[in-house]
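Number of protein chains: 2
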Amino acid sequence: MPNTEQLTRYADVLIQVGLNVQPGQPVSINAPIEAADFVRVLVERCYHAGAATVSIDWYDPLCKRIRLELEPEAGLQDVPKWVSQKMLEECQKNTAFLHIDAEDPDLLAGVDPRRISLQSKARRAALRETDPYFMEDRVTWLVCSIPTTDWAMKLFPGESAETAVAKLWDAIFSVTRMHEQDPVAAWREHLNKLQERAAYLNKQHFVKLHYRGPGTDLTVELPERHQWLAASAKNDQGHAFVPNMPTEEVFTLPKRDGVNGTLRSTMPLAYEGVVIEDLELSFEGGRIVNFNARSGYETIKELVETDEGSHYLGEIALVPVDSPISRRNTLFYNTLFDENASCHVAIGEAYPVCLEGGVDMSKDELKASGANESMMHVDFMIGSSALDIDGYLADGTLVPLFRGGNWAI
Amino acid sequence: MPNTEQLTRYADVLIQVGLNVQPGQPVSINAPIEAADFVRVLVERCYHAGAATVSIDWYDPLCKRIRLELEPEAGLQDVPKWVSQKMLEECQKNTAFLHIDAEDPDLLAGVDPRRISLQSKARRAALRETDPYFMEDRVTWLVCSIPTTDWAMKLFPGESAETAVAKLWDAIFSVTRMHEQDPVAAWREHLNKLQERAAYLNKQHFVKLHYRGPGTDLTVELPERHQWLAASAKNDQGHAFVPNMPTEEVFTLPKRDGVNGTLRSTMPLAYEGVVIEDLELSFEGGRIVNFNARSGYETIKELVETDEGSHYLGEIALVPVDSPISRRNTLFYNTLFDENASCHVAIGEAYPVCLEGGVDMSKDELKASGANESMMHVDFMIGSSALDIDGYLADGTLVPLFRGGNWAI
Numbered sequence: 001m002p003n004t005e006q007l008t009r010y011a012d013v014l015i016q017v018g019l020n021v022q023p024g025q026p027v028s029i030n031a032p033i034e035a036a037d038f039v040r041v042l043v044e045r046c047y048h049a050g051a052a053t054v055s056i057d058w059y060d061p062l063c064k065r066i067r068l069e070l071e072p073e074a075g076l077q078d079v080p081k082w083v084s085q086k087m088l089e090e091c092q093k094n095t096a097f098l099h100i101d102a103e104d105p106d107l108l109a110g111v112d113p114r115r116i117s118l119q120s121k122a123r124r125a126a127l128r129e130t131d132p133y134f135m136e137d138r139v140t141w142l143v144c145s146i147p148t149t150d151w152a153m154k155l156f157p158g159e160s161a162e163t164a165v166a167k168l169w170d171a172i173f174s175v176t177r178m179h180e181q182d183p184v185a186a187w188r189e190h191l192n193k194l195q196e197r198a199a200y201l202n203k204q205h206f207v208k209l210h211y212r213g214p215g216t217d218l219t220v221e222l223p224e225r226h227q228w229l230a231a232s233a234k235n236d237q238g239h240a241f242v243p244n245m246p247t248e249e250v251f252t253l254p255k256r257d258g259v260n261g262t263l264r265s266t267m268p269l270a271y272e273g274v275v276i277e278d279l280e281l282s283f284e285g286g287r288i289v290n291f292n293a294r295s296g297y298e299t300i301k302e303l304v305e306t307d308e309g310s311h312y313l314g315e316i317a318l319v320p321v322d323s324p325i326s327r328r329n330t331l332f333y334n335t336l337f338d339e340n341a342s343c344h345v346a347i348g349e350a351y352p353v354c355l356e357g358g359v360d361m362s363k364d365e366l367k368a369s370g371a372n373e374s375m376m377h378v379d380f381m382i383g384s385s386a387l388d389i390d391g392y393l394a395d396g397t398l399v400p401l402f403r404g405g406n407w408a409i
Numbered sequence: 001m002p003n004t005e006q007l008t009r010y011a012d013v014l015i016q017v018g019l020n021v022q023p024g025q026p027v028s029i030n031a032p033i034e035a036a037d038f039v040r041v042l043v044e045r046c047y048h049a050g051a052a053t054v055s056i057d058w059y060d061p062l063c064k065r066i067r068l069e070l071e072p073e074a075g076l077q078d079v080p081k082w083v084s085q086k087m088l089e090e091c092q093k094n095t096a097f098l099h100i101d102a103e104d105p106d107l108l109a110g111v112d113p114r115r116i117s118l119q120s121k122a123r124r125a126a127l128r129e130t131d132p133y134f135m136e137d138r139v140t141w142l143v144c145s146i147p148t149t150d151w152a153m154k155l156f157p158g159e160s161a162e163t164a165v166a167k168l169w170d171a172i173f174s175v176t177r178m179h180e181q182d183p184v185a186a187w188r189e190h191l192n193k194l195q196e197r198a199a200y201l202n203k204q205h206f207v208k209l210h211y212r213g214p215g216t217d218l219t220v221e222l223p224e225r226h227q228w229l230a231a232s233a234k235n236d237q238g239h240a241f242v243p244n245m246p247t248e249e250v251f252t253l254p255k256r257d258g259v260n261g262t263l264r265s266t267m268p269l270a271y272e273g274v275v276i277e278d279l280e281l282s283f284e285g286g287r288i289v290n291f292n293a294r295s296g297y298e299t300i301k302e303l304v305e306t307d308e309g310s311h312y313l314g315e316i317a318l319v320p321v322d323s324p325i326s327r328r329n330t331l332f333y334n335t336l337f338d339e340n341a342s343c344h345v346a347i348g349e350a351y352p353v354c355l356e357g358g359v360d361m362s363k364d365e366l367k368a369s370g371a372n373e374s375m376m377h378v379d380f381m382i383g384s385s386a387l388d389i390d391g392y393l394a395d396g397t398l399v400p401l402f403r404g405g406n407w408a409i
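Residue numbers (this note's numbering), protein chains in the order written: chain Z, 1 to 409; chain Y, 1 to 409.
If you're looking for bench data, these hints aren't it; they were derived computationally from the structure. Take these hints with a grain of salt, some might be off.
[Stated by the list, open to error] Covered by chain Y, per the in silico footprint, the following chain Z stretches (three or more residues, Cβ under 8 Å):
1) 31 to 44
2) 57 to 67
3) 78 to 89
[What the hints assert, rightly or not] Below are the DMTMM-like pairs computed for lysine to aspartate or glutamate, each with C-alpha atoms no more than 20 Å apart in a straight line:
4) Y/Lys64 x Z/Asp57
5) Z/Lys193 x Z/Glu180
6) Z/Lys81 x Y/Glu129
7) Z/Lys81 x Y/Asp57
8) Z/Lys81 x Y/Glu89
9) Z/Lys64 x Y/Asp37
10) Y/Lys81 x Z/Glu129
11) Y/Lys208 x Y/Glu284
12) Y/Lys64 x Z/Glu44
For every residue, glycine included, the Cβ atom is placed at its ideal position computed from N, Cα and C.
Using the sequences and the hints, build the whole thing.
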């Protein structure tokens, strides 16, 4: 466990670079109860940054598991009205949302995936109204992480709980640039580089990408008004924030019906407390027409069959295998980290911010512009040192984008 | 720490005797995050008892302290709308509420009492609409407890944390009859005895009580339709529940303007994270005209000056010094336990259930019948082996009720 000074330094980087808390802004923290020591530091530092109030939504993963095992189905599907009212009220108050994503990847192993999906869908449906606040970056949000014991033991089996947690802290500090002398300055430099990359891609106006790798042969058309984005976003008040820490990706949306071919995941996906391995998908006209997985098949089935939009992709993101996270060769079993070690795509909803003018578009306009709509948005990893990606310009010119898993430009 | 079997047994007694959870009933648990191990057992046992859903409101005392120290005043006074909506929604669904009352008695020592009071008042005001659900026993509610480390160390100074917690578990198990072979049967027998006592008092129709002890010389008139109650209550669905575990009291309400004389507390009162000692109050025509305290004066001042009703008493309760809790001679610094070791009174709101027909009365009718109204309800202890209480019948006959702190009847 880092000492208080190190925790304070980490909290400050999350608050300054990630949330960019403004004087008078409310902050809402969503955290597992095991994170209490760090949350207390976070709360104190949020007040020092001028937060008007700091509220905390605690959750206990083990109680969540008990509920999913034992609660009658009607209860799992019933989301109280106050849940969406709370979210709406917080969004309308321009709250900055910080989520600590830290969970045992096997938390829900053995629990009926249908019951997990029932509850998850009910919750997403209840929060549908406030989704745009996040998908359009209207409010500040940040997903970050700290170690929890079960998760650390999964990553470092054979180690004592204490050593495993210490190693995971070190891994997290390493990939969030906390080992730099001035992490805030290091982050600014990093964000600039990512944005330069996005600017380059936007200048090219690619019409199509072609992914090739073991089990993968996929063409992805891009909407005319697609925009590559990276790392930094702006909320409704014009304040910059960084929604993920760490972040190594540049990303945009695919054309909803312009995805064809096959895709194979290259890393396990820890999703809803279940580990999904060797996911394979086939696409025709954008739609998933076939899928398989060596483990977690039922979970993937529930995900894909959630709604019509969960049969389509909503995001494609480029991350080279020489990214700092990838070079560590640590499988985190946590998408926040693993997706930043690897090219990835997301099943489900597209970010309207990835379309020029998309934030001001109606649902119909978004759809007509090629953006997919779904209540889901689940990333999975497809990058490896065997991945090549070609970009195609409007005139048909082929531009080698990735070779051997790294940028070729 | 008790083993899982012991925790399960305790949970079952709380669920069966206290909440009396009905099949299909929702349960809401309010607990400090330190109670997680026990809460997980509780949640599981609630489902086994047929709960439709079990939701948990976690709180962290240390985050509460940080907030009270650092949050701008506007924030302390602002209770989001969803808080009252949530409570109303839960009450309307006939939820059973379980609160684990376990806090370091010195949690807020040194924090400005005015800021504590600001926040507490704002919260009480926000929940005013749903107060009657609890004050009239319309919904099932239970206050119970388990040890937390800081609290246990306060009670058993000089012991290791582990030993202190073990000793507090033993004390709690002892006073909640968990050492009996069949705790549920022991509870039934105990509740019967308390209700016999209440029935005796109701038969007497006392018009006035006279308390005498060191620093105490107080007459308390009783409203014409007062009812002595004990231990067991009935919710709107007619299901019995026990709102406090442990409970040793029989209680009723005083006539709002019929309290005169002086009163001295006999045990410290842990209230809002501050310990109040040697509280002295003077009453004229029911109203507190003077008050003092050796410690915690500012906190008592904030309490008494909350609203007009917080200048009056709302409850009187009789507990002999030979009650099991009192005989342990453990000062718990927690009103749930200490009030059940001692005669006590409460500043503030009266329970409408203590008036015959009170639950169906309007606010004006309640007032006309002698019931006090306030947003506060705070008990403090006035019993000791030096306390005598006389009861007066309508014809002026004096009945010795308590002698030397014990029942004289």
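Item to check | Broken hints, by number | outcome: none
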